[in-house]
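These protein sequences, in sequence, are chains A and B. The first sequence begins at 1 in my numbering and counts up one residue at a time. The second sequence begins at 1 in my numbering and counts up one residue at a time.
In case anyone wonders, no lab produced these hints; they're calculated from the structure. Among these hints, one or two may not hold up.
[Unchecked claim] One side of the interface only, derived from the structure: several residues of chain B facing chain A at Cβ under 10 Å:
1) Y42
2) R51
3) V64
[What the hints assert, rightly or not] Chain A residues, not near chain B, derived (Cβ > 10 Å throughout):
4) Y194
5) G227
6) G237
7) F317
8) P319
9) Q363
Everything numeric in this text was worked out from a predicted model, so none of it was measured. The C-beta atom is built at its ideal place from N, Cα and C for all residues, glycine as well.
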Amino acid sequence: MTSKTILNDSHRALGARMVDFGGWDMPLNYGSQIEEHHQVRRDAGMFDVSHMTVVDLRGERVREFLRRLLANSVDKLKKKGKAIYSCMLDEQGGVVDDLIVYYMDDGWYRLVVNAGTRDKDLAWIGRHAAAFDVDVVERAELAIIAVQGPAARERVLGLVDAADRDVLAGLGRFAAINVRSAHGADLFVARTGYTGEDGFEVVLEQGGAVALWDALLAAGVKPAGLGARDTLRLEAGLALYGQDMDESVTPYEVALGWTVSLDEGRDFIGRERLERQQSDGDARQLIGVVMDEKGVLRHGQRVLSDAGEGEILSGTFSPTLGKAIAFARIPAGDAGQVRVDIRGREVPVRTVKFPFVRDGQAQPGVLD
Amino acid sequence: MSEIPGDLKFLKSHEWARVEGDGRVTVGISDHAQGLLGDLVYVDLPSVGDRVEAGTGAAVVESVKAASDVYSPVTGTVVAVNSDLADKPETINEDAFGEGWIFAVEIEDSEQLNELLDPDDYAALLDDAD
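Let the sequences and hints guide you as you build the complete structure.
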């Protein structure tokens, strides 16, 4: 059965082309995916991401539990409201999901996890939480609207109760705060996102979601669909669960080694495998590639490199760059000259550092 | 939805064919198809002189999200390609039945044209799909 977010009727009223996304009826675009992409890069756009799941973890030993559950260390979270990005691994070091964890208070942490992995995540978290007496509560009654782009924060600030405006304006990156909307709704506002632009992700009770969406529309924030979200996040060098990673890869194999904290004395799930991979040096690598020839790189295309054969993970046409970009996974070693098999033709691509685009600009080396 | 021109014939897979009278058939994708695909960013054209078979892939149109084969409605030899699409693939989004044509084939067997859908049949097919 297909699930709908509280904003489903709003999407349809705006003429959205709806698609099934992991069991959710979601907007792909509202006309032109490319225009929505540029709108976010140049001004401000909003995404209904209510299909993602908020999970609240409560208990005296919740910090101890998260030190075990996550590859990144919640010990880094010193101030209430601060967040970190982390992978949650299985015993073999495979990625069960990637998520953001917020430190709410000593007995309460909040996770935001992917839509398609909801059931699996809840089962996994629940299984391991029992030993720590941690309560796992899915907050299915919450909606999430991501407002992204250079003008995003300013537009949201205008919709917040005047008394809360200054404190929200001062919110640092990767942190969250509770404020009130001008309508009186309670908002959990995080300065996070998935587009490479500045902005907020606003979590609120479903009952207030349509009013906030409409207020954002009136403030000039245009709706953007999953299509634009995908091209924006790939330009920003951000990996997608299910496309770039799953249980068959470790964080090192999806270029997320920076999120792994091999801090002393912390026995997190999957650690042993990661340490072995580090000492053996056999982890496959994720590389960023750009194609200068016309065409589009696609998931599943065969990649040929000096290090051996691999495949395209996320691949798309980049609206900002006007060229095809992709992540590819290849064996360990020097990649050399990389080619991609496109319908039987070996097309050369350039290996580049990612993000491909930052602050709306092509990064050095990406455009040649 | 846009009007479906009355002088075209169609494949179920949303290609259109215009019989030009000199034994040539011009081929494109329907307005409905371009709408489904979304913003087109690349067209992989056949080469003039290629032999194409009815019902098999002759070109590829790529939107941001997906690549789709364009089937030739008839068997024959490619005699022209719309090379303007190399720089402006979005022409198909803007004018699928006109400037957005993709290639032209010199037809071998005009009997094949009888197997294509006429505009009313194609319109009915789209209605059923809704």
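Checked hints:
1. Y42: 5 Å, holds
2. R51: 17 Å, violated
3. V64: This hint holds: V64 of chain B lies near chain A, its Cβ roughly 5 Å from the closest one there, short of 10 Å.
4. Y194: 17 Å, holds
5. G227: Check fails; 6 Å does not lie beyond 10 Å.
6. G237: Non-interface label on G237 of chain A holds, nearest chain B Cβ at 18 Å vs cutoff 10 Å.
7. F317: 4 Å, violated
8. P319: About 7 Å separates P319 of chain A from the closest Cβ of chain B, which leaves it inside 10 Å; violated.
9. Q363: At about 20 Å from chain B, Q363 of chain A clears the 10 Å cut-off, so the statement holds.
Hints 2, 5, 7, 8 from the earlier list are contradicted by this structure; the remaining hints agree with it.
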